[in-house]
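Respectively, the protein sequence lines represent chains A and B. Once you know that position 96 of the first sequence is 96 in my numbering, the rest is easy, because the numbers rise by one and skip nothing. Once you know that position 78 of the second sequence is 78 in my numbering, the rest is easy, because the numbers rise by one and skip nothing.
If you are wondering where the hints come from, they were derived from the structure by calculation, not from laboratory data. None of these values were measured; they are calculated from a predicted model. Please note that a few of the clues may not be correct.
Covered stretches of chain A, going by a simulated chain B footprint (3 or more residues, C-beta under 8 Å) [to be verified]:
(1) 6-12
(2) 18-29
(3) 74-80
(4) 138-149
Pair by pair, the computed Cβ-Cβ distance ranges are [to be verified]:
(5) B/G122 x A/T6: 18 to 24 Å
(6) B/G139 x A/D55: 54 to 60 Å
(7) A/E188 x B/E69: 55 to 61 Å
Think of the CB as a built atom: it goes at the ideal place given N, C-alpha and C, for glycine as much as any other residue.
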Amino acid sequence: MRDEATFTVKSGLAEMLKGGVIMDVVTPEQAKIAEDAGACAVMALERVPADIRRDGGVARMSDPEMISGIQETVTIPVMAKARIGHFVEAQVLEALEVDYIDESEVLTPADERNHIDKWPFKVPFVCGATNLGEALRRIGEGAAMIRSKGEAGTGDIVEAVRHMRQITGEIKRLGTLNEAELPSAVKEIAAPLDLARSVAAEGKLPVVLFCAGGIATPADAALMMALGAEGVFVGSGIFKSDDPPARAKAIVEATTHWRDPERVAAASRGLGSAMVSLESSKLAGEQLLAQRGW
Amino acid sequence: MTEPLIGVLALQGDFEAHGRVLRRLGTHVREVRTPEDLDGLDGLVIPGGESTTMTLGVLREGLGEPIRELTAAGVPVLGSCAGLIMLDREHLAVMDILARRNAFGRQVRSFEADVAMEGIDGAPVRGVFIRAPLIAEHGAGVEVLAEIDGHPVAARQGATIAVAFHTELGTDDRVHGLLLDEVRAARARR
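Extracted from the complex, chain B is given alone in its bound form (with noise of 0.2 Å):
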């Protein structure tokens, strides 16, 4: 089988971080600004960066309905931070969860934190929350992976994985592995 193709929305963010990651990784690599360039992808991540830019940006390039028929075909997403935001009911509705926007405050409260993550094996993963979200709601279809002071920071719905925080940034791959676990399983059934 040939490496997957993964998509990173750019529209906004830091989708080049991402990038190279998943490089890192060994896939192949597609920045996505409009529907076309969703064609054949494999997996699709939706970066950090402003939740208000990114939703203004995917209602301008018609980028909504295409993107929940993606996840409804079954191809993995993988959301950070604001992207966990793009993911939830009041924005593509994509997973049965509520974000709480700036959760933990304005940068000023910005932090790094060890988050001990369900499915990542071995030392915690080094968490970087910029005016992070936390998951307010969830529903009973949605599986809690990390919490930070008793709130659900990470979360899995079937094949899409939403974490409030940045990995991408340092060198740790773990959390792209799980993406990529996930778009391996769904090449197999394919």
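The following block holds chain A by itself, in its conformation from the complex (with noise of 0.2 Å):
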């Protein structure tokens, strides 16, 4: 008996990009060059985050012409954004058969209540969170991969390392609890019970926890994974370089060699100027787009 997009199909993406890296691109050209230095999948997106925050205005999903157009390029995964509780814009790109759905805070939200019912779609969903209720909830609502959101767009990894810290530390804390105390706990961070019921018990999350928002070099990419994540999504932080070619092959070869220090110095030799970035620290309140998300 042959079933297509079990639960176990779906999360089963997300097994094999694990290890890699993820880079946002917005033209067929800037994903041949991210295939070429090694990224597991790519991003098709029309405006990478700095561009976004620079320009203002509503972000949408992309022209359906320009996802195509990378998805005739290269033979990696092509993944591709909606809006936070855009459920048509999520079955346009189902029906352009991308290969994940982003439900990202990075576009402008088209629902400040609801996010998208991702069980009915044979296409698998990766959302962001910036904590363990919030990873729950969008694995409730159907999610096949979670990362953490950091603040993308703006190449300093604070925000990050926050929500990395956040989701691993609630998960161990979760782990320290019994049967008794399991129920008031989900219900503090807003959880359904039977998914941290199983977080508790694997000390992990049910899917595949990448991260994002901020990486800018070699060095932040091998933090990340030594604080958990399984994997990493780079934004603006490759085609907003010095020197995209060198700099995707320079983090690829981080994610893979994060234990050794001698690899990523090695790696981080010669890249030019990171992206220009932003101190999230000094964003206004409406600027943070890690808020976004309910």
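Dock chain one against chain two, each of which comes alone in its own frame, and use the hints as you go.
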């Protein structure tokens, strides 16, 4: 018997991406550079987060023409972003047969109360989270992969670190609780009890956990792997830097060899300037993308 | 005899899942990222992942020739999904097969299916096919172990086994058991 779109099949693709780097690209040419540098997937979008920040306005799903162009150019998986709650954008991306949909806070939210019901889709979803409760609510809605949000388009790693430490810290704490203590703990973090129970027993999320938002250097990528990320999303960090092909290769190498400082050092040499960055702590509240999502 | 030491290529992909299966079967496991990591292995697993990423990693680390030497010396290898692609004529050229990448289509066409596999008794294996390849061509020295829609999806050549699907995400360890049978036979010959 053959079954398509089971949760094993959806979350399984994320398992195959582990230890890899997923790169934001806005043209087929950039997608080719990313593939040739060793990216395990690309995220097709119209503007990288740094430009979305600079230009302002409503950020939406990308032009299908552009997504198809990227799909025809590379053989690695192609992901694309839909606005939070915009299930029709997600249906369009499914019709285009993208390999993963990112219901992303980087785009302007379409629904201020509800996320997309992800269960009916054949395409798997990845969603951002700043803490364990948010991660488990997304998984409860059908997400098959989670990424810590960080603060996209800043080149500042501090929020990515905060969110990864928050998620892994809360996972450890759940593991110390007994069956009588779990219900009140899940009330505090607003998480589904059955998923919290599985996290407490396994000591990890039931899906793959990547990191995102602020990774600009090979050392940033290695840091996030050391903090518990199973792989890395790099947005503006590559194509807003001096030498994208070299930086892309270096981040791939550092993600594989994160335990070996000599290899991270070797990968970090001679890359030119990193992206122009913004200190997240100096951003005003409404400029913080990570707080989008409910 | 001590428990065998099995390497898992850990450049990118689901190498940890393969490590878990191998530990359940009682072997020692070593993650392989550089040629030195291949020293003293009794067997090797090339996991699922992105074959393009893995190919670039193998080039960067200079792992191609050492892996070919290892298999030429009779060390058994199991390749799964991207691992099957890595073993074909156009990649590591360890097996006389030609893989067709993403043969079933994009992720929306990924599926699970029961696979009746030569050498595995009892119930069929539940294979998880994720953007999976199939074996488009194979030489006379290659034994086909399983087919889907009339296309080979598992094969053996000597002590090298390739499967287009995953079983390591679940709890059926029989495909890895085939590798360990080869490992035991190879050690008995030494």
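For which of the previously enumerated hints does the structure constitute a violation, in increasing order of number?
Hint 4 alone not satisfied by this model.
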